[in-house]
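Trainee: Residues per chain, in single letters:
There are 2 protein chains.
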Amino acid sequence: MEKTLVLSSDEVKRMIDKRRFFELKKYLSEILPPDIMELIDPLDITDKVIVFRLLNKEIAAEVFSLLDHDDQEELLKQFGEAKIREIIGEMDPDDRTELFDELPENMVKALIKLLSPEERALANRLLNYPEDSAGRLMTPEFIELNKNMTAGEAIETIRKTGLDKETIYYSYVTDCNGHLIGIVSLKDLLLASPDKKVEDLMTTNFVSVHTHDDQEEVARVLTKYDLVAIPVVDNDNKLVGIITVDDVVDVIHEEATEDFHKMAGIEAPDEPYFSTKFFILGRKRALWLIVLLVTSYLSSIVLKHYSYILQVVVPLAFFIPMLTGTCGNTGMQSATLIIRGLATGEIELRDFLRIIFREILMGAFLGVILGLFSFVRARFVDTDPFIGISVGVAVFVSVIVANMIGSVLPMILKKLKIDPAISAGPFISTLLDVTTLLIYFSIAEVIFNVRA
Amino acid sequence: MEKTLVLSSDEVKRMIDKRRFFELKKYLSEILPPDIMELIDPLDITDKVIVFRLLNKEIAAEVFSLLDHDDQEELLKQFGEAKIREIIGEMDPDDRTELFDELPENMVKALIKLLSPEERALANRLLNYPEDSAGRLMTPEFIELNKNMTAGEAIETIRKTGLDKETIYYSYVTDCNGHLIGIVSLKDLLLASPDKKVEDLMTTNFVSVHTHDDQEEVARVLTKYDLVAIPVVDNDNKLVGIITVDDVVDVIHEEATEDFHKMAGIEAPDEPYFSTKFFILGRKRALWLIVLLVTSYLSSIVLKHYSYILQVVVPLAFFIPMLTGTCGNTGMQSATLIIRGLATGEIELRDFLRIIFREILMGAFLGVILGLFSFVRARFVDTDPFIGISVGVAVFVSVIVANMIGSVLPMILKKLKIDPAISAGPFISTLLDVTTLLIYFSIAEVIFNVRA
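Line order of the protein sequences matches chains A and B.
Be aware that the first sequence starts at 1, since it is given in my numbering, and climbs by one per residue.
Be aware that the second sequence starts at 1, since it is given in my numbering, and climbs by one per residue.
What the hints contain is simulated information worked out from the structure, not anything from laboratory work.
Coverage of chain A stretches by chain B, computed from C-beta distances (three or more under 8 Å per stretch; other residues unrestricted):
#1 23–32
#2 158–166
#3 281–289
#4 332–346
Going by beta-carbon spacing under 7 Å, a handful of chain B positions derived as facing chain A:
#5 Ile168
#6 Tyr169
#7 Asp226
#8 Leu289
#9 Phe318
#10 Leu337
For every residue, glycine included, the Cβ atom is placed at its ideal position computed from N, Cα and C.
Starting from the given sequences, assemble the full structure and let the hints guide the process.
Mentor: In structure tokens:
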């Protein structure tokens, strides 16, 4: 069971107001950084500053890394120079890169000046990698070994240098040019006899990523090979860092959220719900809704064009929402299956023909079932059998078309290097509205034999 | 860079046909199990059986774990008893549980008989935990230490017993009743002086999960605390297993896929796209589509009820798809934001009032903008200003309502312990069609002053 916190944020606030700092300090030392973060999140900025004074520097740096970027910025403005130096100095390089990424430029310049010369050089180097790349995600704190060491010497090296490393469970064997030639696990070193050579224990059968690879690619490779950490090499093929699985878990969550938002037609806000400013989110949402609203102009044009049929056979209008709804839903289903398959790497573009074939069959299957159902359903609303026939045939044809568009569109977008996730949801349903209405009224025109 | 495979599946097939087994065996020993899996995936079953003969037993078990359940079942039918015993015996207990979970019951019974008595008892115990629970996901292969050991003795224990353990990087300290009292990392053991007591090195400030906790909860806790492994305790609070982060990464992918599918109204197929049988997927898709089609009966009823207005003012029909589309999209946006926030744990039910307040403001903001846009847009389609006013006012009111329903519905479902993901997409848009049409025609009725 996850520990239940003994104190609530309100109680922490009251302790601060009553200056019961000793007691609070003791309590904070008994809980884990993610819990401290949750506890102080609702507090106002001056109370947060006080809590940070009560934490030791390692914990302070960890809690600080977990806060929202807005809070981090506010706190840095409140902290004295010594406190800033302490926290920034103690943060992991990858967390620090992420922080600098989000802060205003002049603030980053001021902060970088507070770092030691080596850390400053490192921070500048990491910030030079493209956003969302492996270079931004990696930490340069890994254990480097020489292939001629013995297992015993290797373990001794790990004991001496391991304290500040991101992981000591995998060591990276490099040649004199800094090229990665093998990986050896602490398990293998520890289970081997101490005089065995690292060269004989390391595996040369490993995967690595490049500094410029996208973080989504990093997540894919790490997941595929079930790794705890993956080495990152630069343009000269030199080992420059490692990425550990905990950072990749965050990437996986982030990328899934991004896809969910894109599919709902929200131009992906990259902050959590409550941290996103109202008008930023509002603008992002409104933008897509307006685009779709303007696009749906086409459906009005189609309806206006066929208004002579509607004037004669008013009941045809009763089934418009059902028709556009059913086809939108069908298209959304096939689009989601393909988008998710592409995202997890389980569907690839070379499967194109196989998917088309499968989805034609699926469309026909769904078309027959839904066509029959909607024919029956139409008879309940209106007694004219020709209405039922028009609706049933229209559903049959448009479900096949909708299913096809839903599965083909994401693959075309992927081919054009556009994120396929945007094709689902609102986008596809607006597009399908027009096709569905065209099909419906063309069929009705024939069945009722009405001419303009 | 990920290694590019030298041979394609076709070439492997040709090597098998030409009986160039020695060469193929050498090649397979140079690539990693996930790559072997991809390479043999397109081969037919007899060729797969041949490849498995060429793999050593550890690699064979790993590749076997990675295959689709259909392939696993087929292969087990082809393998001799010795081969089955070898592969099943070598598999990790958690992978074995997953396999048994998917195979037909009589086959599982036969397989369990082939296991050693201890493994048989273990398999039966693990299979007794509920599906998708921590008990199913865990492995009982962890390192157990006593608090009175020294660091040196602990490392010696790890060296002796570590070979078959899922991880040797964390050891679990238990008391005489098997209750977990602390966790110590190999890092701390290795960096400490060898005569230091485990008791002084272990942390007692740890989190654990319960055997019956849902795998989604396991993923949430492990992600929150950035853990590599999490201990699992049973009803008596005894330590019975651990779950490692690599298995959780799979759970995160799986749960995200499940939510994507639910949001698209596909009753979550739990197999990848191509492995799902056509009619199983077809039935699942059709089921939801039929439910929604029947539900959309309500929208036809509303339209039929107001047909006297449509008969007089036909152009009102031109804007039905635009209206239902815009409101569906708005509801989908807010539902997605809330559903995803609930899934990542970043929104909680106690935020209810705060969300309502925020979404009322957001609805009003979007309503004003979209109302104005649709008023202008309506004027382009039809010159009657009263049509434009009806459309604009209807969009304003229904966008506010849609936004509210979209954000409240997932929270109500969550409260009722129903997965909120099902409320997005098709479900919400069908529901909103009805409300939107009711609002539209009530407003038009007043503006055009038409009575039935």
